[in-house]
Amino acid sequence: MVDRKIGEITVPTEPVSRATKITGFTFKSYDKNAGVLQFEIKNQDGSPTDLIDATIRLFMYIYQGEEKKEFPIFDNQIITESYIQGIIKYPIPDMLLSYEGKVDVNVYIDFPDGSHTDNLAFSFTIEKSIIDHNIQANGDYYFKDFIQLIEAASEKSNQLVVKISEQLEELATETNQSLANVEQKAVEVEKNLNKIEELYEEADTYNKKQIDTKLSDKGERAVVEKNQENISRLQTTKADQAFVDAQFATIVSGAPKGTYNTFSELQAAYPNGTDGIFLVLENGHWYYWQTETTSWEDGGVYQSTDIQAASITPDKIAETTIQGSTNLFNWKNVIYGEYVDNNTGKFLPAANQQVYHSEYIPVSSGKRYKFSSWLGIPGAWFDEGKKFIRSISRADTTNMTDKAPENAAYLVWNGDAQRPATSAMITEFDANYPTYPNRYLPYQEVASVRWLEPTGIKVANFSAPEVQTNLFDLETITRGYFINNEAVITENAKFAVSDYIPVKPNTVYSVPITFSAQGYYFNELKEPICAIQHTEASNNNNRQFKTPSNARYVRLNLYAGTTGSSKGNENFFSLTEGENVLTKATEYGVNQKWLNPYSKKLFGKKIVTFGDSITWYDHQLFVDKTTMPNTRAIGYQTYLRSAFGCEVNNQGISGQNTKQIGTRSKAFDYSDYSLATFFAGVNDFGQSRAVGTVQAIGSSFDENTYCGAYQSMLEDVLKRFPTLRIGIIIPYKVWNTQLGGLMPREFTDKLVEIAKLYSIPYLNLYDEAQINEVNKDVLFVDDTSQVPYQYHLNNEGYRMISSYIVSFVNQIIG
1 MVDRKIGEIT
11 VPTEPVSRAT
21 KITGFTFKSY
31 DKNAGVLQFE
41 IKNQDGSPTD
51 LIDATIRLFM
61 YIYQGEEKKE
71 FPIFDNQIIT
81 ESYIQGIIKY
91 PIPDMLLSYE
101 GKVDVNVYID
111 FPDGSHTDNL
121 AFSFTIEKSI
131 IDHNIQANGD
141 YYFKDFIQLI
151 EAASEKSNQL
161 VVKISEQLEE
171 LATETNQSLA
181 NVEQKAVEVE
191 KNLNKIEELY
201 EEADTYNKKQ
211 IDTKLSDKGE
221 RAVVEKNQEN
231 ISRLQTTKAD
241 QAFVDAQFAT
251 IVSGAPKGTY
261 NTFSELQAAY
271 PNGTDGIFLV
281 LENGHWYYWQ
291 TETTSWEDGG
301 VYQSTDIQAA
311 SITPDKIAET
321 TIQGSTNLFN
331 WKNVIYGEYV
341 DNNTGKFLPA
351 ANQQVYHSEY
361 IPVSSGKRYK
371 FSSWLGIPGA
381 WFDEGKKFIR
391 SISRADTTNM
401 TDKAPENAAY
411 LVWNGDAQRP
421 ATSAMITEFD
431 ANYPTYPNRY
441 LPYQEVASVR
451 WLEPTGIKVA
461 NFSAPEVQTN
471 LFDLETITRG
481 YFINNEAVIT
491 ENAKFAVSDY
501 IPVKPNTVYS
511 VPITFSAQGY
521 YFNELKEPIC
531 AIQHTEASNN
541 NNRQFKTPSN
551 ARYVRLNLYA
561 GTTGSSKGNE
571 NFFSLTEGEN
581 VLTKATEYGV
591 NQKWLNPYSK
601 KLFGKKIVTF
611 GDSITWYDHQ
621 LFVDKTTMPN
631 TRAIGYQTYL
641 RSAFGCEVNN
651 QGISGQNTKQ
661 IGTRSKAFDY
671 SDYSLATFFA
681 GVNDFGQSRA
691 VGTVQAIGSS
701 FDENTYCGAY
711 QSMLEDVLKR
721 FPTLRIGIII
731 PYKVWNTQLG
741 GLMPREFTDK
751 LVEIAKLYSI
761 PYLNLYDEAQ
771 INEVNKDVLF
781 VDDTSQVPYQ
791 YHLNNEGYRM
801 ISSYIVSFVN
811 QIIG
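Mapping of the sequence shown onto full-length UniProt numbering: position 582 corresponds to residue 582, and the numbering continues sequentially without gaps.
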């Protein structure tokens with residue numbers, strides 16, 4: 001890139017209050033790879049500021065009407081031209097040039113000594129170039145000339161193809177002859193290898209004969225024979241199998257039958273012996289009675305089968321590098337294309353889709369944490385209610401650590417492609433071991449037991465055999481409200497209310513705490529029935545209630561955050577079927593994580609999901625024209641990560657039709673991926689694109705039709721990556737009142753035909769997702785008072801289709 005348009009700005013550091021500087025700079029939309037803002041950082045005496053180890057931060061704002069919006073800037077976009085001369089450059093990105101209007105910029109500097117300065121505010125303007133205005137108007141004229149040029153070029157290219165084909169045939173003949181010569185050489189090499197193997201066997205035989213000769217010559221054979229006699233003697237005097245079995249049968253859980261201070265005390269207690277083992281404290285050895293020698297035999301140092309709590313100390317550990325914390329960073333739960341802002345704690349979209357942030361990672365207040373690396377915007381600390389406290393400080397550049405604030409309960413960390421999620425670490429810092437860890441430690445996972453024999457171990461053999469399911473999902477609660485005994489949602493900061501939780505009729509359920517307003521029953525249409533009343537069997541440990549015959553859902557009250565009783569706050573609360581509550585905090589779902597029925601072939605592998613906004617929505621916030629604005633969506637990729645322990649690359653982009661999705665797929669490198677899924681078609685319906693017809697394999701496809709675009713996309717993947725596992729997800733039923741209501745079945749039928757043509761597995765959500773006219777208003781999030789369509793599912797709808805998608809992927813992988 002050549003800096004053809006440079007806007008030079010001097011950034012002073014003296015403490016003087018200034019109004020926003022109007023630079024008068026105007027960049028044009030056509031200034032691609034040419035426009036640059038250049039900053040000269042000056043000290044108070046006018047000399048250049050030393051920028052070694054300093055961080056320059058720009059905050060840029062654009063306007064949409066009267067609304068002021070932040071434009072994202074990342075560290076790698078800010079270029080230090082000279083650390084000594086204090087010169088910084090910021091190339092104007094193409095994304096910003098597509099905007100038209102005023103741009104406000106603030107300049108901040110973070111110095112390596114921990115000081116920070118707010119230096120300058122200025123503005124400039126971006127205008128649309130005249131050529132950008134004319135392109136659309138002159139389109140038809142340029143297009144006709146281009147068609148004529150194509151026709152002329154086509155005739156010449158046909159002639160060239162014929163000539164090249166003849167040359168290729170000659171080259172193929174020469175190549176086949178060369179291959180034949182290579183095959184002949186390979187046969188000769190194989191014969192030589194066989195000969196070498198024969199010679200080796202002869203040499204081995206010869207060596208054995210030579211050894212026998214030398215043993216005989218030097219009298220060594222006599223020693224061998226003597227050893228054989230010793231072995232025979234041991235065979236006659238060793239304890240037989242029955243005796244050993246009898247001795248082991250007396251051992252119960254590794255515990256000795258008795259203990260004595262000295263060996264003499266043991267002999268005095270049992271002069272004629274007895275069964276079992278006995279521990280002698282003076283030497284720590286265990287003894288057993290040998291019936292054949294009629295004496296007590298020393299069994300060596302006694303080792304118990306269980307290690308007592310807190311009994312292992314550092315001096316007893318040979319490998320001291322195990323000191324320290326485990327990795328708290330789980331790369332499988334990162335969210336790409338988004339980062340947490342240092343100043344507000346808000347999650348903002350990133351221009352670079354390789355930028356990501358972690359989940360909320362639990363921490364202990366006042367402890368210091370070590371990071372394997374960090375961005376210029378490293379992340380933020382949050383309190384127990386996940387409210388923003390402050391940014392993660394980068395002051396400790398030596399060890400890359402920061403101390404959690406006193407009220408901190410979580411941290412969120414930012415990363416990018418230079419800091420891959422699969423190798424990132426966050427650990428508790430130990431000043432005694434500042435370089436620990438010196439290697440990558442994976443996030444601790446619960447081990448799978450799929451390798452156990454199906455009938456080898458029963459659930460009852462485990463130390464905690466109960467398998468209960470917590471029906472309460474913390475992610476779906478509404479804080480600051482409760483439902484009263486008249487089914488009215490009432491504001492109260494102390495409480496929270498659950499979402500609609502499915503229940504069975506005439507069934508007993510238990511919760512860990514009772515309230516005067518416990519919750520409410522609802523029928524299958526989510527219409528209120530009556531308030532929840534506890535049974536007489538309820539006591540201090542079990543709070544039970546039995547659902548009415550027409551109940552299908554409940555909404556329950558609980559304490560928000562850590563307010564009130566620990567058993568009733570959101571971190572402990574549970575709902576279980578039956579008369580027993582969970583005895584410890586248990587996340588939503590089955591509490592035995594090792595009981596995972598899904599294939600482990602994807603564990604630690606990567607899959608990619610291509611699609612439109614239905615795919616994109618995972619971990620995004622529902623937009624304004626929905627019934628749940630600013631609520632985070634839990635899409636089907638979240639369920640795939642949880643089920644398979646795999647990394648999911650979300651390649652969903654809102655508003656794209658199948659042709660646009662196919663264009664991205666054709667530029668995508670699937671080399672490192674084990675599976676790709678395609679979920680497309682809703683926008684083809686919404687944009688009234690032609691369905692088209694299914695063509696024979698290898699045809700020239702009309703990508704302006706649904707069928708043509710889909711076939712072209714699939715054939716490209718199959719040609720470039722013939723062994724990649726592929727799954728087609730057929731869209732569920734959607735509606736648009738401006739397009740006649742229900743999406744026509746023709747889209748589904750054609751896609752089934754395409755899947756069968758290429759023998760690709762498909763999931764027919766249109767016919768099998770149980771989304772229909774009866775329940776669609778409950779499952780879709782689109783606000784039909786503002787938009788004419790119902791395309792996007794709410795979290796309950798995503799949960800419904802995700803169960804089908806997870807099972808579908810499990811079948812593909814096997």
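Simulated from the structure, these hints should not be mistaken for laboratory data. None of these values were measured; they are calculated from a predicted model. Glycine is no exception: its CB is placed at the ideal position from the N, C-alpha and C atoms. Honestly, I wouldn't trust all of these hints.
Distance ranges between label pairs, derived from CB positions [to be verified]: (1) Glu746 <-> Leu474: 41 to 49 Å; (2) Lys666 <-> Phe74: 24 to 32 Å; (3) Leu742 <-> Gly578: 54 to 62 Å; (4) Gly814 <-> Asn630: 35 to 43 Å.
Hint check:
no. : hint                          : verdict
1   : Glu746 <-> Leu474: 41 to 49 Å : holds (42 Å)
2   : Lys666 <-> Phe74: 24 to 32 Å  : holds (27 Å)
3   : Leu742 <-> Gly578: 54 to 62 Å : violated (42 Å)
4   : Gly814 <-> Asn630: 35 to 43 Å : holds (40 Å)
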